[in-house]
Structure formats: C-alpha cells, structure tokens
Amino acid sequence: MALLRRSETVIAGILLLAMVLIGTINPAFWQLDNLFSLMRSNVIIGIMAMGVLLVLISGGIDVSFPAFAVAAMYLTIKGMLALGYNGVVLPLLAATLMGLAFGAVNGFFVYKFRMIPLIVTLGTSAMVRGFLLGIVGTSMININKMPTALIDFARTDVVSVTKADSTTYGLTAMVLIYLGLALAMHLVLRYTMIGRSAYALGGDPEAARRAGFDLRKTIFFIYCVAGALAGFAGLLHSGMIWLANPRDFVGLELDVIAAVVLGGASIFGGRGSVLGTMLGVFMLVMVKNSLIIMRVDTTWQLVVVGLIVIAATALSAWRDRRRAA
Amino acid sequence: MSDGFIELRNIRKVFAGVVALDAMSLVIKPGEIHCLAGENGSGKSTVIKIMSGVYQPDGGEILIDGRTMPGMSPIEAIAHGVQVIYQDFSLFGNLTVAENLAMNVHLGEKRRLMNWRRTRAIAREAVDRLGVELDLDAEVASLPTAGKQLVAIARALMSDARLIIMDEPTTALTRKEVETLFRIVRDIQARGIAILFVSHKMREMLEISERITVIRNGRKVAEGPTGGFDEALITRHMTGSDILNEPYVWTPPPGPPPVPRLEIRSLTVPGKCEDLSLAIRPGEIVGLSGLLGSGRTDLALALFGMVPRYQGEILIDGAPVRLRTTQEAIDAGIAYVPEDRLSEGLFLPQSIKRNMLATSYERLARRLVIDRGQAEEMTQGMVRAMQIATPTAEKPVMQLSGGNQQRVVLARWLLTDARVLILNGPTVGVDVGSKAEIHAKIRELAQHHGLAVLMISDDVLELVQNCNRIVLMHRGRFIEDLPAADVTEETVSDRLKTFT
Ligand SMILES: Nc1ncnc2c1ncn2[C@@H]1O[C@H](COP(=O)(O)OP(=O)(O)OP(=O)(O)O)[C@@H](O)[C@H]1O
Ligand SMILES: [Mg+2]
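As you go down the protein sequences, you meet chains A and B in turn.
The numbering of the first sequence is UniProt numbering, which starts it at 1 and goes up by one.
The numbering of the second sequence is UniProt numbering, which starts it at 1 and goes up by one.
These are computed hints drawn from the structure, not numbers from a lab.
Wrong hints could be hidden among the right ones.
[What the hints assert, rightly or not] Partial chain A-side listing against chain B, Cβ under 7 Å, derived:
#1 Met-193
#2 Ala-200
#3 Pro-205
#4 Ala-207
#5 Arg-210
#6 Ala-211
Heads up, the beta-carbon is just placed ideally off N, CA and C, and yes, glycines get one too.
Start from the sequences, fold in the hints, and give me the full structure.
Right, here's the structure in full:
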C-alpha cells in the first residue's frame with residue numbers, strides 16, 4: 001500500500017505502460033540496439049537533471065545550466081587545443097570547476113539579494129552565452145580538431161554485440177558515470193544534512209532559517225552542484241558527439257525540467273527523488289526518441305515537451321494540494 | 001541579579017520607523033506559566049522573536065540566568081533552553097514527523113550525515129516523553145492542526161528546554177483540543193519547565209497562567225500573579241480604557257414582517273446537514289453555534305456557492321437564487337469571511353489596499369479603468385473604520401500583526417456592499433479592544449445598513465452579546481433557536497455540552 005502511494009511507483013507504472021504502447025506501434029523499439037541507444041541518450045540529460053532536481057527540491061529553479069554546460073565545454077576544449085593537451089581527467093575536472101564557478105554566481109545573487117532564481121538564472125544564462133559567443137568564438141570545433149583522448153574515452157562500451165551483418169553496437173560506458181552520479185546524488189539527498197537542508201529549504205524557508213540551517217551554505221551548495229554537473233555533462237557531451245558547438249544545448253532547459261517534473265519533483269519545492277527523476281528522464285527521452293522514429297517534425301516535438309511540462313506540473317500540484325488537505 | 005530564568009530589560013525594537021517595542025521589560029521565572037497579554041500589534045510576537053534570538057534588539061538587554069546575552073542568535077537561545085512554538089508551528093510539511101522531530105538534534109550536534117535509524121529513535125523518545133500517539137512516518141502536511149501542534153511541542157521538549165514559548169496556541173483548536181493542550185502544558189510545567197503563553201482569550205489566560213504581564217504599545221503596563229487580575233482589569237490595562245458590553249437588540253419594524261434578507265428552505269447538503277430552514281430579516285444578527293463537525297461550516301459554504309450539490313431553496317430578499325459558484329454568491333449579495341483567514345483570505349506580500357480591494361475591483365472598474373480616487377477613498381475609510389494600525393495602506397499585509405491582518409480580510413468583505421454577511425469566527429485571534437470595535441462595526445452594518453448577519457462562533461460570549469437570536473446546530477440539524485435576550489453564556493455552554 002505504501003509502495004503504491006509512492007510517486008516513483010506510479011511513474012514506473014506509466015513508463016511501463018508507455019513502453020508497451022510504443023512497442024506495439026513499433027516493435028523495433030524492443031530491439032537491443034534501440035534500447036542501448038535510448039540509454040545513451042539518457043546520460044547527458046540525466047546528469048543535468050540531477051542538478052535541476054536538487055534546485056527544484058530547494059524551491060528554486062535553474063534555467064542557466066545549458067549555458068553553463070556549453071561555456072564550460074567550449075572553453076575547456078579551446079583551452080585543450082591551445083595548450084595542445086590531450087587527456088580526460090583534467091579537462092573533465094576543469095569543466096566541472098568552471099560550471100561550479102558559474103553556479104556560485106547564481107548562488108550569490110539568490111542568497112545575497114534574495115532574488116527570484118528564475119530571474120537570476122535567466123540573466124546569468126544570457127550573459128554567459130553572450131560572452132561565450134562574443135569573446136571566445138562562434139566556430140564549431142569538428143572531429144578533425146577535437147582532442148582524441150576525449151572521443152576515445154566517450155567511445156568506451158560496457159558490452160558490445162556483433163550483429164549478423166557484422167556491424168557492432170554497444171552500451172556506452174558513460175551510462176555508468178550517469179548511474180554513479182545519480183547514486184551519489186541519492187546518497188547526498190537522503191543521507192547528508194546538506195541534502196536534507198535542501199528539502200527543508202524547499203518545504204519552508206522561514207522554518208529552515210529558524211531551525212538554524214546555514215542557508216547560505218545550502219544555497220551555494222545547490223547552485224554550485226547544479227553548475228558543476230552541467231559543466232561536467234557539457235564536456236562529456238562533446239566527447240560523445242565528437243563536436244564542440246558553442247551554440248549547443250539551446251532549449252535543453254525545457255527538456256530537463258520537464259523530465260524532472262515528470263519524475264515527481266514538485267515545482268514548488270520540497271519534493272522529489274533521484275529514482276523518480278531517472279524514470280522521468282527515461283520517459284522523456286523515450287517519448288522524444290519515438291517521435292523522431294515516427295518522423296514527427298521537431299516543431300511538434302516542442303509542443304509535446306511543452307505539454308508534458310504542463311501536464312506533469314498540473315498533476316504534481318494537484319497531488320500536493322491533496323496531501324495538504 | 002534577578003531570580004528570573006530569562007529577563008528582558010528596556011528592550012527597544014524599531015521596524016523601518018515603526019516602534020514595535022519601546023522599553024519593554026519582562027521576567028520569566030523558572031518553571032512558571034506566564035501569560036503575555038496585549039492588543040493586536042502591541043508587540044507580543046516581537047517580544048517572542050527577541051527572546052528567541054530571531055530579532056536583535058535595537059536597545060536594552062537580555063539576561064539569561066542573570067548573565068547578559070549580547071547579540072543572541074537563535075542557536076544560542078536554543079542552547080540556553082529557549083524554545084518557541086510559532087503560530088505557524090515552523091514545521092516542514094514535506095517531511096515526516098520523525099524527521100521534523102529529530103532535525104534540531106542533528107543540527108545541534110552539527111552533524112553532516114543523516115542517520116535514519118537514529119532519527120526514528122529520537123522521534124520515538126520525544127513522542128513517548130509527551131505521552132501522545134503520533135505516526136512517525138506520516139508527512140506533517142497531512143496532520144490536522146492539533147497534530148501539527150503536538151509535533152511542535154514534542155520537538156520543543158526534546159532539547160532540554162527550560163522555557164517553552166507558545167504564540168496563540170489555542171487559536172485554531174477546538175475546545176476539546178484546548179483541554180488536551182492545557183493538560184500537556186501542566187505536565188510540562190511539572191518537569192520544571194517555564195511556559196510563556198500568548199492568547200487573546202481571557203478565560204484561557206486566567207485558567208492556565210500563574211503570572212500575567214500586560215503589554216501596551218510596546219511597553220509593559222502591568223505585571224503580577226494571576227490571582228490579582230480579572231477580565232476587566234486585564235482589558236483596562238490592555239486598552240487603557242473600559243469596554244462596555246451591551247447586548248444587541250433588534251426589534252421588528254411595525255407593520256407586516258419584512259421580507260427576509262436571507263431565507264433558506266429545507267437546505268440539505270448530503271452527509272453534512274439536513275433540512276435546514278431559517279430566515280434572517282434585515283438588521284438581524286443571528287448566531288450559529290455547535291461543535292466542530294456539526295455542519296455549521298458546511299452550511300456557510302453552501303450559502304457561499306462552494307457546495308453546488310446542495311438541495312433546497314435559498315432566497316435573497318424573497319427572490320430564489322441558485323448558488324453554484326462563489327461568484328454567483330457574491331453577485332447575489334453574500335459575503336463570507338472564512339474561518340481560516342490567514343491561509344485562505346490574504347495575499348501576504350501584497351499591500352493592505354490591494355488586499356482590501358481584491359473583491360471590489362470589478363465594481364471599481366466599471367468604465368474599464370480603475371477609479372483610483374475612489375479606490376483610495378474606500379481603502380482609507382476602511383483603514384480608519386477598522387482601526388488598522390498602519391502608517392499607510394501601501395504596507396504589505398505580511399508586516400502587520402496577526403490581528404490587524406484579520407481586520408483587512410473583514411474590511412474586504414465589508415467593501416463589497418453585501419446584503420448578507422456570513423462570518424465564521426469573526427474575531428478569532430483578535431484582542432478584546434479590537435474585538436469590541438469589530439463587533440461595533442458589524443452591529444452598525446446590521447442596524448443602519450439593513451444587512452442580515454449570520455455569525456458562526458465558538459465563542460459563546462461573543463454570540464450572546466452580539467446576536468438577537470442564537471441557533472444551535474448538532475449533527476447537521478438545527479436543534480434550537482433561542483432569543484438572545486433569554487440566554488446567558490452559561491445556558492448556551494451547558495446546552496452545547498449535552499451534545500456529543
Ligand atoms: N517584520 C516587520 N516589519 C515591519 N513592521 C513589523 C514587523 N513585524 C512586526 N511589525 C510591527 O510591529 C508591531 C508589533 O507587532 P507584533 O507582531 O509584535 O504584534 P502582536 O502583539 O503579536 O499582535 P497580534 O496580537 O495581532 O499578533 C506592529 O505594529 C507591526 O506592524
Ligand atoms: Mg502576534
């Protein structure tokens with residue numbers, strides 16, 4: 001009974017239903033290579049969603065992470081090319097730190113001036129994108145110039161299968177990174193005081209202040225982690241698609257926020273879980289992927305994602321009202 | 001040196017030019033039950049926030065165990081055993097009872113990790129110590145008010161409290177719940193913990209406390225053992241004058257009886273109230289009382305268009321109306337001031353003016369633009385009439401004291417030009433002085449503007465003094481219709497006690 005009432009169970013149920021439905025329309029859905037490619041598409045959105053989840057739980061919202069991701073990615077790769085450096089760990093670390101620094105700016109404005117997170121992140125997002133294109137450059141870095149170490153790293157598979165026609169496909173090892181980060185986020189949210197302080201802040205900021213939470217620490221933590229995850233995901237993404245595009249990730253905030261809300265996080269703060277978010281991400285990616293397979297125009301895909309955000313938000317708002325009653 | 005556990009000396013606190021506290025002094029002795037009485041906006045909540053370190057005083061000093069505490073922070077206050085139960089309980093609705101209870105322990109120990117098993121153990125102990133039943137895994141948002149209060153009290157008791165401060169703890173409770181609360185309060189006192197209690201209900205203050213401090217305009221005006229006070233004396237200290245209470249008399253005009261303003265015929269809300277018939281003529285104030293769950297609120301909601309599935313007839317000035325939405329009810333001339341005004345009625349960050357005019361904009365905007373002059377005039381008139389303590393109507397409602405916030409909601413409905421006024425607990429959380437003013441305003445509306453008023457209240461005295469008739473309700477039915485001239489507070493209370 002308690003299991004039935006959990007939103008994760010409901011989301012998993014809906015997800016299964018949707019999978020069966022899509023599988024009936026398009027039996028190719030259940031083929032291993034399709035499932036592998038679906039999981040691959042989960043990685044970047046999923047990692048970013050972990051940051052957005054944290055922000056939403058705290059009662060905030062973040063629309064700047066795609067800008068941070070693209071800036072961290074492009075700057076890192078530009079730097080690698082300039083220095084002639086070809087590696088994996090240091091660049092990922094650099095991109096993560098850059099994202100963290102950007103996130104700290106968000107945190108500063110949200111905490112210090114008590115500004116509405118939406119406005120702050122809209123502003124930082126526009127500024128970061130503007131500086132990037134205006135100062136750093138607008139040209140794409142293609143496969144011929146991309147650092148090979150990154151591409152090789154992102155190409156690692158966990159398992160690979162050879163088809164009858166001797167082409168091979170595999171499940172990317174990046175999925176493990178995603179799962180690892182998700183697990184870490186779960187542990188942080190559930191078993192650390194800073195994680196619980198995010199829930200407290202999202203539940204009732206005034207009560208959190210009175211209880212003696214260090215809200216400065218909490219807010220900086222939240223926005224820094226969201227930025228760091230975005231920076232990390234940004235660089236990983238360029239390795240996976242062999243391309244560094246300074247105009248990448250436009251409109252991604254909608255997808256990621258849709259996925260997180262779909263995963264049961266409340267847009268009003270205080271509720272949300274990693275498991276739910278992962279399910280939400282999977283659902284969103286699957287729906288978009290099916291739309292592509294069904295040759296639905298990208299403009300209409302936008303409509304669908306918009307609908308998902310609204311429906312999921314309405315549903316969670318209704319749920320929260322009923323709980324409070 | 002003083003013999004007090006905590007002492008405030010000449011505390012001053014100013015908010016953006018408004019002096020909330022001016023040379024306020026207060027002594028709480030160890031293990032006593034102390035009451036803080038004062039009008040709305042006199043500074044009671046501010047005193048509490050100073051004692052708990054939430055606000056820093058602009059002058060004066062705080063002493064705990066005789067030692068001064070300059071720049072005391074909330075954490076320090078808690079460390080010295082000062083615990084506050086806020087009007088809104090300050091709980092996290094999205095977290096479980098267990099986590100809410102254990103939160104402060106974890107924070108106090110400056111933990112970095114969350115141990116769920118320990119959390120449950122801490123919570124279990126806290127609940128057992130209070131001797132109540134609470135589901136530790138329930139989400140706090142799902143608990144009723146009394147349940148949330150128990151969680152807040154249990155939490156306060158955990159951290160070796162030496163003083164527990166309760167800001168208007170009985171406001172949202174039923175009589176039974178108040179009794180339970182008082183039993184718990186005495187229990188707490190028996191452990192040597194002092195209790196500071198803020199309430200607007202004289203009876204409760206006199207019943208529970210050992211010492212009383214009265215505050216007026218941010219200053220202490222009286223202090224002493226409760227035995228030395230009675231209601232009239234407290235009132236005099238609070239307001240600086242005596243309040244006269246004359247019963248409300250309504251005499252039907254000569255000639256044929258006037259058409260009722262509001263008439264209901266066999267009104268039934270399935271499962272809630274049954275076969276209710278009542279007529280209220282212009283100028284009448286009819287009281288409605290009954291235990292919680294008697295159906296009195298359901299009746300009010302039906303009259304305000306919030307229960308579209310009601311059966312039976314509703315007539316306004318003799319004309320039948322069908323009330324399916326609140327808008328239809330407002331259009332029919334019905335105004336409803338709900339029970340839970342603080343959460344249902346107000347837009348807290350918005351100005352007093354906006355809040356007051358919230359339901360009047362349509363009327364003001366007859367010619368597409370809002371008539372600003374008239375809007376201003378209406379607001380100013382109401383601020384004066386309701387005696388809302390504020391320098392300007394542009395101030396956000398959030399910054400008003402609790403009782404003043406309530407007057408804003410009342411004012412809003414008075415501005416709608418209603419013909420029928422339904423009041424659910426019109427003066428809950430309002431001090432005696434303001435109470436009398438609000439009552440006077442209601443009487444004036446009935447007497448001089450011919451409104452029909454239905455006043456629902458738990459406060460029997462309020463009904464006896466202000467109504468010309470009192471209807472008692474039980475299990476969804478009208479049981480009795482008493483002319484107020486014949487009843488006293490005792491007879492009505494006794495009658496209510498026979499209902500179970
Ligand atoms: N944060 C604030 N900003 C500005 N003014 C404030 C603030 N808090 C309180 N005040 C003002 O200080 C005065 C005292 O308010 P306080 O809330 O202490 O009254 P109270 O005695 O608790 O009243 P009530 O019985 O209505 O709750 C009021 O005039 C109020 O408007
Ligand atoms: Mg108050």
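Non-conforming hints, listed in increasing numerical order:
Violated: hint 3 alone.
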